[in-house]
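Participant: Sequence:
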Amino acid sequence: PFQRLVNQGMILGEPQYHVTPEVFEANKALLEERDIRTLRVESEDKLTYILKNHADGKVTDLSEEQTEKRQGQFYLVGTEIPLTTRADKMSKSRGNVVNPDDIVREHGADSLRLYEMFMGAFEATKPWSMSGVEGVRKFLNRAWRLIIDDNAEEIALHASIKEVTATDEQLRVLHKTIKAVTKDIETLGFNTAISRMMQFVNFFT
Numbered sequence: 050p051f052q053r054l055v056n057q058g059m060i061l062g063e064p065q066y067h068v069t070p071e072v073f074e075a076n077k078a079l080l081e082e083r084d085i086r087t088l089r090v091e092s093e094d095k096l097t098y099i100l101k102n103h104a105d106g107k108v109t110d111l112s113e114e115q116t117e118k119r120q121g122q123f124y125l126v127g128t129e130i131p132l133t134t135r136a137d138k139m140s141k142s143r144g145n146v147v148n149p150d151d152i153v154r155e156h157g158a159d160s161l162r163l164y165e166m167f168m169g170a171f172e173a174t175k176p177w178s179m180s181g182v183e184g185v186r187k188f189l190n191r192a193w194r195l196i197i198d199d200n201a202e203e204i205a206l207h208a209s210i211k212e213v214t215a216t217d218e219q220l221r222v223l224h225k226t227i228k229a230v231t232k233d234i235e236t237l238g239f240n241t242a243i244s245r246m247m248q249f250v251n252f253f254t
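This note's numbering applies: residue 50 is where the sequence shown begins, and numbers increase by one.
Read the hints as simulated data drawn from the structure, not as lab findings. Honestly, I wouldn't trust all of these hints.
Here are the simulated DSS-like pairs of lysine-lysine, each with C-alpha atoms no more than 27 Å apart in a straight line [said to hold, decoys possible]:
hint, residue 1, residue 2
1, Lys138, Lys95
2, Lys107, Lys141
3, Lys175, Lys232
4, Lys107, Lys175
5, Lys141, Lys101
6, Lys175, Lys77
7, Lys211, Lys225
8, Lys141, Lys175
9, Lys187, Lys175
10, Lys95, Lys77
11, Lys228, Lys187
12, Lys95, Lys118
13, Lys101, Lys138
14, Lys141, Lys211
15, Lys175, Lys138
16, Lys228, Lys211
17, Lys187, Lys225
18, Lys175, Lys118
19, Lys118, Lys101
20, Lys101, Lys77
21, Lys225, Lys95
22, Lys175, Lys211
23, Lys138, Lys107
24, Lys211, Lys138
25, Lys187, Lys211
26, Lys225, Lys107
27, Lys118, Lys138
28, Lys118, Lys77
29, Lys101, Lys175
Keep in mind it's a predicted model, so treat the numbers as computed, not measured.
Go ahead and model the full structure; you've got the sequences and the hints to work with.
Facilitator: So, in structure tokens, the structure goes:
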């Protein structure tokens, strides 16, 4: 019954920050001072160390806020420790697996579903990003607050929602959005469809 087969692209783990063995040996004390440990990884006859935060009994990857980019090179923020960044296939050995149950608990199932469609072209290989999930969650909250009074004790329409004739500009934005989203869905362009809806919500906000 199917006209064609479309394969979804692979989802990679979040970009991880690596150091060479030489950099690791030279900066052991500074890394320990910042509660940063390393995970030894060998691939393609090349040895690197993935930097990991060890705080409050949790092990997490370095975040973007812990790095800075200077003249095209990443460094550990406030240091001269050079970093390389790489997004690998999710695997337990690399410690970069994302548990969807955790995402649903913290951000909701709608945020997870929407982010998976928004993160890139359907067939492209793309890295996971927790900040991207948070951004989509904020969009959903904005869409909700556009219609619903967030301060009311019970669910009620926002005071700005009125049954009035739309302006020419509002109608133009509405119909351009409907046309673009319809076309994007038909061509599996879910990420651009969601982007159009974000523009729509920003306009009416």
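Participant: All hints, please: hold or fail.
Facilitator: Taking the hints in turn, this is what the structure says about them:
1. Using a Cα cut-off of 27 Å, the hinted pair Lys138 and Lys95 holds, with the two alpha carbons roughly 17 Å apart.
2. At most 27 Å may separate the alpha-carbon atoms for a hinted pair to count; Lys107 and Lys141 meet this at roughly 16 Å.
3. In summary, the hint linking Lys175 to Lys232 is supported, as the alpha carbons are separated by about 23 Å, within the 27 Å threshold.
4. Between Lys107 and Lys175 the CA atoms are separated by roughly 26 Å; this keeps the pair inside 27 Å, and the hint holds.
5. A threshold of 27 Å between alpha carbons decides the hint, and for Lys141 with Lys101 the separation of about 14 Å falls inside it, so the pair holds.
6. Restraint check for Lys175 and Lys77: not satisfied, since their Cα atoms lie roughly 32 Å apart, outside the 27 Å limit.
7. In summary, the hint linking Lys211 to Lys225 is supported, as the alpha carbons are separated by about 22 Å, within the 27 Å threshold.
8. A threshold of 27 Å between alpha carbons decides the hint, and for Lys141 with Lys175 the separation of about 18 Å falls inside it, so the pair holds.
9. For a cut-off of 27 Å, the pair hint linking Lys187 to Lys175 stands: about 21 Å separates their Cα positions.
10. For the hint pairing Lys95 with Lys77, the CA-to-CA distance comes to about 20 Å; that is within 27 Å, so the pair holds.
11. For the proposed pair Lys228 and Lys187, the alpha carbon gap of about 25 Å is at most 27 Å, so the pair holds.
12. Distance check on the hinted pair: Lys95 and Lys118 sit about 24 Å apart at the alpha-carbon level, within 27 Å; holds.
13. For the proposed pair Lys101 and Lys138, the alpha carbon gap of about 17 Å is at most 27 Å, so the pair holds.
14. Annotation: proposed proximity of Lys141 to Lys211 is violated, straight-line Cα distance about 52 Å (limit 27 Å).
15. At most 27 Å may separate the alpha-carbon atoms for a hinted pair to count; Lys175 and Lys138 meet this at roughly 10 Å.
16. At roughly 24 Å between alpha-carbon atoms, Lys228 and Lys211 fall within 27 Å of each other, so this suggested pair holds.
17. Restraint check: the Cα-Cα separation between Lys187 and Lys225 comes to about 24 Å, which is no more than 27 Å; the hinted pair holds.
18. Between the alpha carbons of Lys175 and Lys118 the distance comes to roughly 21 Å, so the proposed pair stays at or under 27 Å and holds.
19. For the proposed pair Lys118 and Lys101, the alpha carbon gap of about 19 Å is at most 27 Å, so the pair holds.
20. With a CA separation close to 13 Å, the supplied pair Lys101 and Lys77 stays within the 27 Å bound.
21. Between Lys225 and Lys95 the alpha-carbon distance is near 51 Å, which puts this suggested pair outside the 27 Å criterion.
22. Of the pairs offered as hints, the one joining Lys175 and Lys211 is violated, with about 42 Å between alpha carbons and a cut-off of 27 Å exceeded.
23. Proposed proximity of Lys138 and Lys107 is supported: the alpha carbons are some 22 Å apart, at most 27 Å.
24. As the CA atoms of Lys211 and Lys138 are separated by approximately 49 Å, the hinted pair breaks the 27 Å bound.
25. Our distance criterion of 27 Å between C-alpha atoms is met by Lys187 and Lys211, whose separation comes to about 24 Å.
26. Distance restraint check for Lys225 and Lys107: the Cα-Cα separation of roughly 47 Å exceeds the 27 Å cut-off, and the hinted pair is therefore not satisfied.
27. Restraint check: the Cα-Cα separation between Lys118 and Lys138 comes to about 24 Å, which is no more than 27 Å; the hinted pair holds.
28. Under the criterion of a C-alpha separation no larger than 27 Å, the hint pairing Lys118 with Lys77 is consistent with the structure, at around 21 Å.
29. Under the criterion of a C-alpha separation no larger than 27 Å, the hint pairing Lys101 with Lys175 is consistent with the structure, at around 22 Å.
In the structure shown, a violation is registered for the earlier hints numbered 6, 14, 21, 22, 24, 26, in ascending order.
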